[in-house]
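> Line order of the protein sequences matches chains L and A.
Mapping the first sequence onto the numbering used here, position 131 (from 1) lands on 131, and the numbers just tick up by one.
Mapping the second sequence onto the numbering used here, position 109 (from 1) lands on 109, and the numbers just tick up by one.
Hints listed in this document are in silico derivations from the structure and should not be mistaken for laboratory results.
All the pointers check out, no bait thrown in.
Only pairs whose alpha carbons sit at most 27 Å apart, straight line, appear in this in silico DSS-like list of lysine-lysine:
hint, chain 1, residue 1, chain 2, residue 2
1, L, Lys457, A, Lys141
2, A, Lys114, A, Lys124
3, A, Lys102, L, Lys473
4, L, Lys428, A, Lys141
5, A, Lys245, A, Lys232
6, L, Lys473, A, Lys124
7, A, Lys114, A, Lys131
8, A, Lys102, L, Lys428
9, L, Lys360, A, Lys141
10, L, Lys473, L, Lys370
11, A, Lys124, L, Lys457
12, L, Lys45, L, Lys32
13, A, Lys141, A, Lys184
14, L, Lys473, A, Lys141
15, L, Lys473, L, Lys360
One letter stands for each residue in the lines below.
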Amino acid sequence: MAATAKTVETVRDVEAYKYGFVTDIESDLAPKGLSEEIVRFISAKKNEPKWMLEWRLKAYRYWLTLADEEPTWAKLHFPKIDYQDSYYYAAPKQKVGPKSLDEVDPQLLETYKKLGIPLLEQQILSGVAVDAVFDSVSVATTYKKKLNELGVIFCPISEAVQKHPELVQKYLCSVVPVGDNFYVALNSAVFTDGSFVYIPKGLRCPMELSTYFRINEKNTGQFERTLIIADEGSYVSYLEGCTAPQRDENQLHAAVVELIALDNAEIKYSTVQNWYPGDKDGKGGIYNFVTKRGACRGKNSKIMWTQVETGSAITWKYPSCILQGDGSVGEFYSVAITNNHQQADTGTKMIHIGKNTRSKIISKGISAGKSSNTYRGLVRIQGKADGARNYTKCDSLLIGSTCGAHTVPYIENRSPTAQTEHEATTSKIGEDQLFYCMQRGMTQEEAVSLIVNGFCKEVLQTLPMEFAVEAQKLVGVSLEGGVG
Amino acid sequence: MALIEIKNLHVSVQGKDILKGISLTINAGEVHAIMGPNGTGKSTLSNVIAGREGYEVTQGSVSFDGQDLLAMPPDARARAGVFLAFQYPVEIPGVSTSAFLKTAINAKRRTEGKPEIDAMEFLKLVKAKNKALGIPDDMIKRPLNVGFSGGEKKRAEVLQMTLLEPRFAVLDETDSGLDIDALKIVSDGVNALRGPTRAFLVITHYQRLLNYIVPDYVHVMAGGRIVKSGGKELAYELEAEGYTKYLAAA
Ligand SMILES: Nc1ncnc2c1ncn2[C@@H]1O[C@H](COP(=O)(O)OP(=O)(O)O)[C@@H](O)[C@H]1O
Ligand SMILES: [Mg+2]
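The whole structure should be built from the sequences, with the hints applied where relevant.
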């Protein structure tokens, strides 16, 4: 058999999902299905003020009107989701929030360890503050004190609703309106947790803020909600990463992330997404319908999205930037790897509104097996965005001949003084390249990993150091044949 | 002791017989040269030794250090100490030469039960070898073989060989595309590796290389067979007379 064909087969053979395990922590479940009662239940569980409940109900009622308007324009195929067949609330059995890590369920800590997230060591060694989200409820927040002293607010969003209602009311939904799309309306009605970050004026946040998400409860949709505000002249780097246990049924995940950068502020948002992609026959796996959007609201503000997407059965995700402030900058760096029967339709939107706004898009799609990988991007330059610039580069790498790669760039330029530049390439891992590497003693998996890592280097190097190493390993693992 | 033993090797490519009964025994410590006209099967022999796909061995055997080489996958052959300096080195865009070298070195070290090479140690090692081979240190920052000149590619092959210290190396026309100075440097690189535990098979078109890498034996290959074997003086004879009479014989 030819080496490439063998690679195709071995990557198809990814059997046991490397991080496949389920923690049996009993959950506090709301009854199955979605109704006004469930929305009220969630809000009550969270002790929310009335305005929040009203806001959720409004979203829910709007969602009902969208009943048959799930987006269908993406190049994705999946059975219709029965939204009444899911649970919308699950909490680990912990009545009172832990005061320190010692109070955290040891089994939970063990789970984190398996995922390579040793909280205790992280605290001591890396200086990374971790707001660990486990099944929709935050169970551990570290470094809170230090951040507090600096005036940084980094807490579960439910806590922000209680303690910082003025910020939440001012900014929530200010970038992604409730009615933006089907999934946003759904998320707004039922979101259970997520993170809230506020960086005060002029502060360069001295540590990377990170959140690890896990989906653990069977049939529980996850509706995370993240809101990050960088006040004038501030800077923050936020990391989001996740791995999830193996499971059989499709799981919906519809998160919403909103970023707001005021004058001269900068937000760097990095994601490594490695949810269960389904088995080699395409059974199971997470459905990931995410809406991520940032507003460069202030002058010379900057938002940079970096994503490494290796998991999920379906990825529907377009982290975007609205470049409102004059001189603001939006950047999008993406690696999307699909294998077996995975489907990804991902990209970005760069909306140039302010003068002299600049955007840069670097997308690397890697497809193997029978997967489908689509880059979909929009660059819109509005009439008043004098001197706007965009540079887009989309590269696709194919492994084998049964996968598909597609590039769908939309460019709308209404400003005579703006410039856009678009480059796209498609290449294949050649048999001769694999043989060459193997002749130097590398296994086929090592060779694939080396070549693919080389292909996505430009994106991986934008990740914060500690994440970059992890991501490089992940890139290899996600294309690995058999568990090594 | 025979390090590599090729017995009555017949190989076909896409149904066409290319090698028609090659027998060759190379002992540790020896350097053998194969000379022959284009299209005669020299690269086919190298590729079969290295384990490339697409070559069907219809008869015969190849053993390496007593093991059945043909039964081993290409990476296992490499880790056992078989090295091929490619006639046409492959470009690997995006992968820096240094990342490639480090991965290859670590694959070998893993086999030897050694830990991964430390970053400083790696740099020191590569710099030393670069110096000996006249390779600018900047070269290892570039993607492997991408945009390399013919000569740079060949030097990069020798650099890899020097770093991996194989027990048996096949050099497939490593001299082609090299000017005389480069040829000397590359030959010095090979000669530095010569020793009682190592063997080389040097494939070349020109006698010139054999002035620098002096072989113990020279074989003439034509029409998929070794048609004549002798000492190093055979190379001079070929230089003077050409291959015509062997072609006729084949
Ligand atoms: N992959 C291949 N597919 C088809 N024919 C091949 C292939 N490789 C080699 N050949 C043929 O085999 C013969 C020997 O080629 P090769 O081994 O490259 O010769 P040499 O290295 O002596 O010049 C040539 O006729 C060549 O065309
Ligand atoms: Mg040849």
